[in-house]
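Asker: Listed here are the chains, written in short residue letters.
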Amino acid sequence: MSALIEGLFNGISIGSVLLIAALGLAIVFGLMGVINLAHGELMMLGAYTTYVVQNVFKPWGEPWFSFYILVAIPIAFMVAAIAGLVLERGVIRFLYGRPLETLLATWGVSLILRQLVRSVNWLLAICIAVFCLLFFGGMTWLSRHPDWERIRNWVIAILLPLSTAIAVVTGFLISKMPVLTKAWFSARNVDVTAPSWLRGGVKVLDFQMPYARLFIIVLTIICLIAVYWFLNRSTWGLKIRAVTQNRAMSSCLGIPTAKVDALTFAIGSGLAGVAGCAVSLLGSVGPNTGQNYIVDTFMVVVVGGVGNLFGTIFAGLGIGIVNYLIGSGTLALMLSYTESLKPLVDVLLFFATSSMAKVMVFALIIGFLQVKPAGLFPQKGRTAEL
Amino acid sequence: MTSPQLTQNNPIQTDLTLRISNLNVYYGESHILRNVDMSIPSGQMVCLIGRNGVGKTTLLKTIMGLLKPRTGEIFFADKPITKLTPDRRAKMGIGYVPQGREIIPRVSVKDNLLLGLEARPQGRKGNESIPEEIFDLFPVLKTMLSRMGGDLSGGQQQQLAIARALMGKPRLLVLDEPTEGIQPSIILEIEAAVQRIIKATGISVLLVEQHLHFVRQADRYYAMQKGGIVASGNTEDLSQEVIQQFLAV
Ligand SMILES: Nc1ncnc2c1ncn2[C@@H]1O[C@H](COP(=O)(O)OP(=O)(O)O)[C@@H](O)[C@H]1O
Ligand SMILES: [Mg+2]
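Residue numbers (this note's numbering), protein chains in the order written: chain A, 1 to 386; chain B, 1001 to 1249.
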């Protein structure tokens, strides 16, 4: 019995992480019909941000260190949101209405981001900064020119190679300094130490409910309420809903759809950052952290039904729990007391590792989608065809 | 427009709300609009007539910026708007009531109306109230504020669509077949409302319409055939011939 409750609890806490990430993915997909394969890497950025914030707080000692996680959450949100904004403005906005290209492009970005955290060092950061300063600074400065529309392509043709060359030369000149070429994170996983008040746990029946996991559940609830409030009560939320439901008409009403897209993408990405922050409390984080979650996150969006907050909640928690109960062998253990279920138990035992559990959940979901192709809660009524 | 002298120098331009010249629009490779010229004088109601499928909606969508013309220019109050996005055009003062109404379905009637405020130059600005004039024109909306837009009947949606466009205080109201598929009693209400709007605000109106009764209330008409303007003039001079040829009556 207590094994079941423990399984449920752990499943819910993993489901919570999925839920935050899926929430971001779902609002972006609902609004723009864009599947962002780099969503997992935005989670990973959030996790690394938490790690950096922790290291900044470490030398300050107690009591400051205890609160780093509360600072890390908003910063992780901001970092991921800005990364998402750059991704949307720089890549995705040129690919609207072309889902296949979007998939490929965001997949490419996910590879770039993964390699970036492996190899980023001061040298690279300085080169990128120099390039951005020269190129975008130059573009902004020259865009005040009266003939801007006409000279634009020429300016790009000149500025792009010029800033690249200067950035490369700068990098070459300063590359002799060893301090600059040391990678920030290296390819190995890094560990985030939970602050003391998140270590330990409360004892329920005869198992420990770790505070860290309780914290993640609370964080998820806060995120859910915030997203719900933002979408349903704020003016920008209303604009987002309008554009989601009828993009052409919304723009004819005076709603700046490009801004709405950028904002939505930033918020969706920011949520991935928060999810990453939560993930860092569950275990060590590495460049591939996002990959472990992205498939499950997609499943949550698909099963929950697009653009449906409740569906996302149920699917997130459901997939988290089933995944955990199967993966940890809890389910097999529970059923093993009943003799007649022996074959089922054998099957479950076969799937009782975390990667095999994913296979089984995947199969279950495919089966589920055969029965309900539109997800748990398909839209009903006159508005359904949207 | 800044000095009286300038006004005298450009007497043709200043009193036109909308001017379209030599517009050519394509859907893919099919040529829909051919060399369309049209102008709407300030404060006038202009009606565009023509049989189904000749390109009336296409012209209106191009005016709103939903379609890009291959050639041609559109001026709104003397400013070129051909390159602007629909939201910029709406903010300049073009209110659009599309064919099929395009109410935002899963948003309440009140929120649909409030979305209309986005077209004001300074945006919504924390504005939460709907002016009484709107309910004077369309009393039925007052009782439905908390309903979902998609749950209204066709006639109610049409009234909502017009009210929503008015929320932005437009200078030009563009109406695409506002009486299509609506029961006769509501058609009269809508006609009366449009009349009252013109009297009260003095805005210009571009109307696409099939009902002769409604067409007669316009000042000028343009008749379209196969994507080109083939006749135009004052509505009083609308001959039985023209009506036979261009209206589906
Ligand atoms: N989205 C579209 N793609 C391709 N062709 C279209 C599209 N919409 C309309 N058309 C074609 O353009 C022509 C003009 O259509 P439309 O402007 O809607 O006519 P009207 O409003 O006068 O009835 C028609 O022949 C129609 O088949
Ligand atoms: Mg039409």
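Keep in mind that the hints were calculated from the coordinates and are not lab data.
In this text, a Cβ means the ideal position worked out from N, Cα and C, and glycines have one as well.
It cannot be assumed that every hint is accurate.
To be verified - Not the full set, but computed from the structure, chain B residues with beta-carbon under 8 Å of chain A: (1) Leu1066; (2) Leu1067; (3) Lys1068; (4) Pro1069; (5) Gly1072; (6) Ala1077; (7) Pro1080; (8) Thr1082; (9) Asp1087; (10) Tyr1096; (11) Glu1102; (12) Gly1116; (13) Glu1118; (14) Ala1119; (15) Arg1124; (16) Gly1168.
Asker: Find the hints from earlier in the document that the structure breaks and name them by number, from lowest to highest.
Answerer: Of the numbered hints given earlier, those the structure breaks are 2, 3, 4, 5, 6, 7, 8, listed in rising order.
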